[in-house]
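Knowing the structure of chain A, use the given hints to seat chain B on it.
Residue numbers (my numbering), protein chains in the order written: chain A, 74 to 496; chain B, 12 to 485.
Derived from the structure by calculation, the hints contain no laboratory data. Quantities reported herein were computed from a predicted structural model and do not represent experimental measurements. Hints may contain errors.
To be verified - Straight-line distance between alpha carbons at most 27 Å, and here's what the computed DSSO-like set of lysine-lysine pairs gives:
hint: 1; chain 1: B; residue 1: 104; chain 2: A; residue 2: 124
hint: 2; chain 1: A; residue 1: 449; chain 2: B; residue 2: 453
hint: 3; chain 1: B; residue 1: 370; chain 2: B; residue 2: 414
hint: 4; chain 1: A; residue 1: 220; chain 2: A; residue 2: 148
hint: 5; chain 1: B; residue 1: 16; chain 2: A; residue 2: 139
hint: 6; chain 1: A; residue 1: 431; chain 2: B; residue 2: 370
hint: 7; chain 1: B; residue 1: 414; chain 2: B; residue 2: 398
hint: 8; chain 1: B; residue 1: 126; chain 2: A; residue 2: 431
hint: 9; chain 1: A; residue 1: 444; chain 2: B; residue 2: 96
hint: 10; chain 1: A; residue 1: 135; chain 2: A; residue 2: 238
hint: 11; chain 1: A; residue 1: 496; chain 2: A; residue 2: 361
hint: 12; chain 1: A; residue 1: 148; chain 2: B; residue 2: 16
hint: 13; chain 1: B; residue 1: 126; chain 2: A; residue 2: 444
hint: 14; chain 1: B; residue 1: 456; chain 2: A; residue 2: 238
hint: 15; chain 1: A; residue 1: 449; chain 2: B; residue 2: 104
hint: 16; chain 1: A; residue 1: 135; chain 2: B; residue 2: 330
hint: 17; chain 1: B; residue 1: 329; chain 2: B; residue 2: 456
hint: 18; chain 1: B; residue 1: 346; chain 2: B; residue 2: 28
hint: 19; chain 1: B; residue 1: 396; chain 2: B; residue 2: 329
hint: 20; chain 1: B; residue 1: 370; chain 2: B; residue 2: 16
hint: 21; chain 1: B; residue 1: 376; chain 2: B; residue 2: 456
hint: 22; chain 1: B; residue 1: 414; chain 2: A; residue 2: 238
hint: 23; chain 1: B; residue 1: 330; chain 2: B; residue 2: 370
hint: 24; chain 1: B; residue 1: 104; chain 2: A; residue 2: 299
To be verified - Restraint ranges, calculated between C-beta atoms of paired labels, are given here:
hint: 25; chain 1: B; residue 1: 460; chain 2: A; residue 2: 299; range: 47 to 57 Å
hint: 26; chain 1: A; residue 1: 180; chain 2: B; residue 2: 350; range: 54 to 64 Å
hint: 27; chain 1: A; residue 1: 342; chain 2: B; residue 2: 396; range: 24 to 34 Å
hint: 28; chain 1: B; residue 1: 13; chain 2: A; residue 2: 182; range: 22 to 32 Å
hint: 29; chain 1: A; residue 1: 309; chain 2: B; residue 2: 156; range: 53 to 63 Å
hint: 30; chain 1: A; residue 1: 307; chain 2: B; residue 2: 105; range: 21 to 31 Å
Beta carbons: idealized from backbone N, C-alpha and C, even for Gly.
Chain by chain, the residues:
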Amino acid sequence: MPMGTVLAFKGIEGCMPLFHGSQGCATYMRLYLAHHFREPVDIGSSALSEKGTVYGGAANLKEGIKNLISGYRPKAIGIATTCLAETIGDDIVQIIKEFRIEEPLASHLPIIPVSTPSYSGSHEEGYARALLALAKALAKRGEPNNKVNLVIGSVLSPADVRYLKDMLNDWGCGDEFILLPDISETLDAPLVEDLPAIPEGGTPLQDVADTANSRETLTIGGRFQKDFAGAFLEETYDVKSSLLPLPIGLEHTDLFMCRMEELTERRLPRKYETERGRLLDTLADVHKYLAGVRVAVFGDSDIVVGLTRLLTEVGAVPAIVATGHRSPGFMAEIRATSADPIILCGADFTDIHAHVGKGRIDLLLGTSNGKQISQKEKMPLVRVGLPNHDRVGANRQLILGYEGAGRLLDALTNALLEERSRK
Amino acid sequence: MSVIKTFEGREGHIARKAGSDPMSLSCSNESLAGAVSQRACVYSGARVVLNPLTNALHLVHGPIGCASYTWDIRGSSTSGPTLYKMSFSTDMKELDVVFGGEKKLATAIKELAHKYHPPAIFVYSTCIVGIIGDDIRAVCGQAAAELGIPVIPVKSEGFKGNKNEGYKAACNALFELIGRRDYESRSPYTINLLGEYNVAGDLWAIKPLLEEMGVEVVATFTGDGRVEEIERANHARLNLVQCSGSMTYLAKKMEEKFGIPYRRISFFGLGDMSNALRLAAEHFGQPSLMDRAEEIIERETARVMPRIACHRDRVQGKKAAIYMGGAAKAVSLVKGFEELGMEVVIIGTQTGDSEDYRKISCIVKDGTVIVDDANPLELRELLQKQKADVLVAGVKERFLAYKLGIAFCDFNHDRTTSFEGYDGMVNFAREIDVSLNSPVWKLPKLRASTLEAGEYGKMRELIAMRESGAAANV
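Only chain A is shown next, with the shape it has when bound in the complex:
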């Protein structure tokens, strides 16, 4: 849960995440994310000890916020709770209120609380909850801005977010959209002369506030989450909300592009029409290699839906489709996509492995957590999604759009060819 919040908070300009809990939670998730993005990922901690656990963690949390402000000079702080803080019953909203009164430094600094005990969900929920918390804390009614909120509802790579940004610019509507959150630079930062304490980039706070005044919200991904920022903006500020699958694969990208044409009232730029044509060409080029290839797909729910769709488009067989998230919507969606795969919801890798062992699988497609299955079953694993701890390039991996689909097809085909050439 708390890890998901980092991926949302890191997409806000000048925002520092802080966990209210044991020091280890922050450190382990820093390690996990640094390993994946190959970037420094700083996360504050209230470093709760035994004393704080018994008498309440208010003093630690306040001290933590204060030090984070003095050390990093952030423009905002996102505070996620951990199991420990939740269970001892710390009321962080109240603690933040007190802190604002006691600390003049913080009077104008946005501090965004989000409740994320790990025992009630995974990083997918944490991410969605943080987006909702951002909207709740920062969205502010003002003049209508005639913009569209494009909310990235699932954890994507910096390259995916960059792709969306470039596309909006190519469409000539870069400033008619508010992209939330934007990790394109913060989690894939350039090496520069003078390293800033907080990486540059991210959705400006002003834009997050302005989401209340947009004409519409389009959320891509995050469709199997209860919490969702778009719904809140609709209920509270009357900003019309709609949800689409992630634009992964031909059909889901088509859906997205059509919706974008509606929103912009402009034709898809020619560049992307050509990209689409190239994807069709790629599909034709690789269809025989991938025909009937049985794939086990696993990872975050929305990404898995997209990957499953792409596999069916090229004639491969998504034989096992698994996610750690539990959702009836996910089950229904996969059933509608593919003939009869084995669907595993709330699955762990022992479950997946057991089915892979029985399922005549040719290829694994998912996170690097599949590496043990890959090693034991001597089966290629094409790495997509978080985490990717044992290969480089996760921050540059593009899976969205026609271009992303083409690259995925290349990767899948090459993995099979590589395997075959070695046998």
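This is chain B only, laid out in the frame that chain A set:
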């Protein structure tokens, strides 16, 4: 005067070595909230110590996150069983937190025991278990009685301190296993290796040398370890302790109960490695053992020296920064860098104690900065101020170094290159060399623009040169 500007309350944790007296440093206290400490928690300490026991089953009683973040993260290699690479979890949910997780835990233990038939099970408690008060000792006791194997609770609630507390919890758990098994040793000279985790196969560079000397390793704690070995470890006559931060506690307990003396050693660096062999031989007071040790030392040193020398030529005089989890490795690294002719300008640890820092202050040169429980902001400032050319640390620090344009060497528990023993030192020298002397650090961080006056001439010249070069080839 403080070395750098830092958080209020952190000033005493950073000092610059000056003069010949040992120095004292603020340390061993709770990390400052909000300062982004590099430390982890009690649970993580216990987890990294016990995890390399390859045929044990490791079950984390807590929410899925705790197990997920520590799944197969150690670079500890195995020569056989792979059960340790699984990170089993009771996956506690909201209802378990409300009604207690004991039943779920008992079921999980039974299910896993029937499926995997492990010789022992370790059950780790996490923050949440400590708060809701699950009696895991009782659950483990009952399961052990039913299953007929040791089911050992590890008291590792995350909030109870830092990693050091976790090491203790792990040592206590290991201690419960020792003495359960009889053993006929092959050699009269028997030892255990404590605090050797076989990261990247380190152990396999060392054990053969000890055996060649005539010394038998009864058990390794815990690299490439087996439950059965730990159970018979009381039959060894000497404990060699490498990672002293994690294992001295256990060594003391073993001395007390089984009368096994312990000595601190390190297998890193030519000098320390040779001393370790010597010390083991001398302990048994057998001349033939000592002769063999000297033979091995001479042979191995002569074998690797030329390879190390060629790297040394390329790195000597450069400045190194060390930031380690424990102090033992940091101390050993100072000697290692000396062997490469390099200067240590920063040395720090996550969990060193006052005795460790006294010792460190005695072995480093004047001007070296010593730091306890550093954070990214301090590390960054120190690396720049001390003009470090290379940082030796763990993954979290790696990307900070790179972003600053500084070379890096991973010497943490998840590294993939063996650094111990004679060949390990060659690997280490090579790593330092290739990172330090990589062409990437020499590339200009700022692009010269032909539109800017200062750089214009230079770039124009370069372009003209390339153009004429191309013309000449036509």
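Given pair status - residue 299 of chain A, residue 104 of chain B, alpha carbons within 27 Å: With a Cα-Cα distance of about 17 Å, the restraint between residue 104 of chain B and residue 299 of chain A holds, given a limit of 27 Å.
Beta-carbon spacing of residue 460 of chain B to residue 299 of chain A - inside the hinted bounds 47 to 57 Å or not: About 52 Å separates the Cβ atoms of residue 460 of chain B and residue 299 of chain A, which means 47 to 57 Å holds.
Agreement of residue 330 of chain B and residue 370 of chain B with the hint, judged by alpha carbon distance not exceeding 27 Å: Distance of about 21 Å is within 27 Å: holds.
Cβ separation of residue 13 of chain B and residue 182 of chain A, checked against the hinted range 22 to 32 Å: holds, 27 Å
Residue 180 of chain A paired with residue 350 of chain B, Cβ distance criterion 54 to 64 Å: holds, 56 Å
27 Å limit on alpha-carbon distance, applied to hinted pair residue 135 of chain A and residue 238 of chain A: violated, 37 Å
Agreement of residue 449 of chain A and residue 104 of chain B with the hint, judged by alpha carbon distance not exceeding 27 Å: At roughly 31 Å apart (the allowed maximum being 27 Å), residue 104 of chain B and residue 449 of chain A break the hint.
27 Å limit on alpha-carbon distance, applied to hinted pair residue 414 of chain B and residue 238 of chain A: Between residue 414 of chain B and residue 238 of chain A the Cα gap is close to 25 Å, so the pair holds against 27 Å.
Proposed proximity, residue 238 of chain A with residue 456 of chain B (alpha carbon, max 27 Å): Satisfied, since the Cα-Cα distance of roughly 26 Å is no more than 27 Å.
Pair hint residue 496 of chain A and residue 361 of chain A, alpha-carbon separation not exceeding 27 Å: holds, 19 Å
27 Å Cα cutoff - pair residue 104 of chain B, residue 124 of chain A: holds, 25 Å
27 Å Cα cutoff - pair residue 376 of chain B, residue 456 of chain B: Violated - the C-alpha atoms of residue 456 of chain B and residue 376 of chain B are around 32 Å apart, more than 27 Å.
In this structure, the earlier hints numbered 2, 3, 6, 10, 15, 16, 21, 27 are contradicted, and the remaining ones agree with it.
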